[in-house]
Amino acid sequence: MSRAGYLALGDQLATSAEPLIRNLVRLAPIRILLNLFGRLGLRGRGLVIFLPYAWLALFFLIPFVIVLKISFADQLIARPPYSALWELSEKGYLTIKLNLNNYRFLIDDALYWKAYLNSVKIAFVSALICLIVGYPMAYGMARADKAWRNILLMLVILPFWTSFLLRVYAWIGLLNNNGIINNALLGLGLIDQPIVMMKTDFAVYVGIVYSYLPFMILPLFTALEKMDVTLLEAAADLGCKPLKAFFTITIPLSMPGIIAGFSLVFIPALGEFVIPDLLGGTDTLMIGHVLWNEFFSNRAWPVASAVAIAMLLLVLVILYLQSRFQRAAEAP
Amino acid sequence: MSEGKKPDPLMVAPWKDPAATPYIRIQNVTKKFGDFVAVNNVSLNIYKQELFCLLGGSGCGKSTLLRMLAGFEEPDGGQIFLDGQDMAGIAPYKRPVNMMFQSYALFPHMNVEDNVAFGLKQDHTPKKELWDRVKGMLEMVKLSGFASRKPHQLSGGQRQRVALARALVKQPKLLLLDEPLGALDRKLRESTQFELMNIQEKLGVTFVVVTHDQEEAMTLASRIGVMNLGQIVQVGTPTEIYEFPTSRFVADFVGSVNMFDGRITDEDNDYVRISSEDAGCTIFINHGVAAPPSAALAVAIRPEKIAISRSPPANTQENCTQGIVEDIAYMGDMSVFNVRLKSGKLAKVTQPNLVRHTDDAIHWDDHVFMSWHAASGVVLTV
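Protein chains in written order, with numbering that gives the first Met the number 0: chain A, 0 to 331; chain B, 0 to 381.
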């Protein structure tokens, strides 16, 4: 749907929801609540903005602080399996124990930085493949007939209607030694030994590219659809061949979509756990997997928390770079 | 003007010279989109250094014809020759033709100077020459101070001039302009029209302009081709098109007109009398017409060529009719009168407002006489 389409839909929803809202605010519990918020100075716009912030604080910021706290604790064989950060002794002393060893451990033990590095590599390559595969698809969709465009868009979104886990499991059936692909190739006589695809990095790439491709296509499609096609005619008119026009006009103008799509694939792929766990081998080292092992197998909550915090910092750096690129690309 | 300085009429009007070779030859060109015939068997000659206007309503095929000249569409039939060369199968990026787009189509991610330089970069023009030409072009369109601005930081008129500079910097043999002034407001349009004409004269580039605005076509063009339903209905100078339309469509499309149906009652080599119930009088025209006697025809009379008065003119026998004023539109420089004739037809008369205020000005519901000169009527058979 176009931007105008969304705006129209929003208007429509607002008008149809108006009587409902008018009746809702008459209900006693809601009136009391609104009254309460009103006394705190939260009315109208302030209230509307407050609610999502409250939600994020409750379910994102507080858990994050808890994880941050655990990352500075000692591992204990107890329940919960970590030491308290502060203690108030009987004599009234407040002792705060900050254990930085968990972080030092991340640097000292090669396993962790190797896992980080490998995760970055796998996420980067996957995002790159998504871009190369997704760009022609998004381009085709953006240049297709209006009637076709919505159908194609539908097809891109369709896989979301099936559980993510189920779709990754389905790839096992495809990639296994006696899976559909190998059986078909054996049956056709193209190979006489099954190709080992499962439990390899290849399977991980396939899984990630397959799962995250829509996140690449959608922002690319939006960027390409917005582009004025007469610009390409103008380029041709000025003596520019189609392929060169693609690189000098189309690519730069779709840069915001490329950056958005790239980060929408790269960031979740970085911490991906399910795909490497199901499709990857024991040597597929990814940070999500390491974290899971620390947490559940080793019950090393503090180390796992430190891994999580370090990864968050990494993502923050990437997000910062992305927003800078995005701003540069969007400055028209 | 003295005799010696008079320009050669064939230089000014090459289309009158039978020996002149046309610069662009469009021969029986047809273009279809599915079942819709956008351009229907059009033949047209355009000469070097002309400023040719294709004028017509929306969907008349004028833009399609322009796009075929640029190479964005291939004709389904017929041929286009540019400077003697058949253009069939030549990609747009290989044609010595540049176009100024209606939306200007400036590259939004490039600044003004890079937009203008784009075409030259494609030709691998040496750096120094390239930037000299870009600079010169920006000076010509008076945008030297805006070289590093992005298109979105410019006004509509400035964008239009960037588009013009970008199209002209490659020194094309032919410049195509698609509604060049369409997006500008009225005042800017008038000044830009003259600027465009000056540039065209200075560079001697052949211009083909597509427009739906007859005023724009009249001021800009050396010749106008009026299009309707995919065909060229008349080609001529602005004066020819306005004063001597050859069809009801052209008379009606270009300017406003009063069209009176009638029949020839009396005819000779040098005059014709037409009885028109529509007009409510006999129309006398002081030249002969090539029309079969008693054929149904129409007489077109422009509103400004009709005199309006409350007192009867000298001759009320011919070229004079009567009616009641229904509406008066005051336009400042002139007034438009809508007069209901006896036949029920509404006639339009314009009159310049020569004096500021008169007590005996014509009012609503006044009974008025309308008269015109014997040379004013144009007989139209189609």
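Quick caveat, the hints were computed from the structure, so don't treat them as lab data.
Positions of the beta carbon are idealized from the N, C-alpha and C atoms, including for glycine.
One or more of the hints may lead you astray.
[What the hints assert, rightly or not] Chain A is nowhere near these chain B residues, computed Cβ spacing over 12 Å in every case:
| no. | residue |
| --- | --- |
| 1 | TYR22 |
| 2 | ASN39 |
| 3 | LEU43 |
| 4 | ARG94 |
| 5 | MET99 |
| 6 | SER102 |
| 7 | GLY181 |
| 8 | THR238 |
| 9 | ASP277 |
| 10 | GLY279 |
| 11 | HIS286 |
| 12 | VAL324 |
| 13 | SER342 |
| 14 | VAL354 |
[To be verified] No farther apart than 16 Å at their CA atoms in a straight line, the calculated lysine to aspartate or glutamate pairs in the EDC-like style are these:
| no. | chain 1 | residue 1 | chain 2 | residue 2 |
| --- | --- | --- | --- | --- |
| 15 | B | LYS134 | B | ASP113 |
| 16 | B | LYS149 | A | GLU329 |
| 17 | A | LYS240 | B | ASP260 |
| 18 | A | LYS243 | B | ASP122 |
| 19 | B | LYS93 | A | GLU232 |
| 20 | B | LYS341 | B | GLU242 |
| 21 | B | LYS344 | B | ASP260 |
| 22 | B | LYS201 | B | GLU138 |
| 23 | B | LYS344 | B | GLU266 |
| 24 | A | LYS120 | A | GLU232 |
| 25 | B | LYS120 | B | GLU138 |
| 26 | A | LYS120 | A | ASP282 |
A quick look at each hint next to the structure:
1. Remark: the non-interface label on B/TYR22 is consistent with the geometry, its nearest Cβ contact in chain A lying 19 Å away (cut-off 12 Å).
2. With a closest Cβ-Cβ approach of about 24 Å to chain A, B/ASN39 is found to remain outside the 12 Å limit, as its non-interface label requires.
3. Under the 12 Å C-beta cut-off, the non-interface status given to B/LEU43 relative to chain A holds; the minimum distance is some 21 Å.
4. With a cut of 12 Å on Cβ distances, B/ARG94 falls inside the contact zone with chain A, its closest approach being about 8 Å.
5. With a least CB separation of 9 Å from chain A, B/MET99 falls inside the 12 Å interface cut-off, contrary to its annotation.
6. With 12 Å as the threshold on Cβ separation, the claim that B/SER102 sits away from chain A is violated: the shortest Cβ distance comes to roughly 6 Å.
7. No beta-carbon of chain A comes within 12 Å of the beta-carbon of B/GLY181; the shortest separation is about 14 Å.
8. B/THR238, annotated as away from the interface, keeps every beta carbon of chain A farther than 12 Å; the closest lies near 33 Å.
9. For B/ASP277, the requirement that its beta carbon stay farther than 12 Å from each beta carbon of chain A is met, with the minimum near 47 Å.
10. Its beta-carbon lying about 52 Å from the closest one in chain A, B/GLY279 satisfies the requirement of being farther than 12 Å from that chain.
11. Taking the minimum C-beta to C-beta distance to chain A, about 47 Å, the non-interface status of B/HIS286 holds against the 12 Å cut.
12. Here B/VAL324 stays apart from chain A, with its beta-carbon at least about 47 Å from theirs, past the 12 Å limit.
13. B/SER342, annotated as away from the interface, keeps every beta carbon of chain A farther than 12 Å; the closest lies near 49 Å.
14. With a closest Cβ-Cβ approach of about 51 Å to chain A, B/VAL354 is found to remain outside the 12 Å limit, as its non-interface label requires.
15. Our distance criterion of 16 Å between C-alpha atoms is met by B/LYS134 and B/ASP113, whose separation comes to about 11 Å.
16. Restraint check for B/LYS149 and A/GLU329: the C-alpha separation of about 13 Å stays at or below 16 Å, so the hint holds.
17. A distance of roughly 56 Å separates the Cα atoms of A/LYS240 and B/ASP260; the hinted pair therefore is violated under the 16 Å criterion.
18. This hinted pair checks out: A/LYS243 and B/ASP122 have alpha carbons roughly 13 Å apart, not beyond 16 Å.
19. Distance restraint check for B/LYS93 and A/GLU232: the Cα-Cα separation of roughly 13 Å lies within the 16 Å cut-off, and the hinted pair is therefore satisfied.
20. Proximity of B/LYS341 to B/GLU242 is assessed by CA-CA distance (about 27 Å); at most 16 Å being required, the pair is judged violated.
21. A threshold of 16 Å between alpha carbons decides the hint, and for B/LYS344 with B/ASP260 the separation of about 11 Å falls inside it, so the pair holds.
22. A hinted pair counts as satisfied when its Cα atoms are at most 16 Å apart, and B/LYS201 with B/GLU138 qualifies at roughly 14 Å.
23. Annotation: proposed proximity of B/LYS344 to B/GLU266 is violated, straight-line Cα distance about 26 Å (limit 16 Å).
24. Restraint check: the Cα-Cα separation between A/LYS120 and A/GLU232 comes to about 39 Å, which exceeds 16 Å; the hinted pair is violated.
25. Our distance criterion of 16 Å between C-alpha atoms is broken by B/LYS120 and B/GLU138, whose separation comes to about 19 Å.
26. Between A/LYS120 and A/ASP282 the CA atoms are separated by roughly 14 Å; this keeps the pair inside 16 Å, and the hint holds.
Going through the hint list in order, the structure does not satisfy hints 4, 5, 6, 17, 20, 23, 24, 25.
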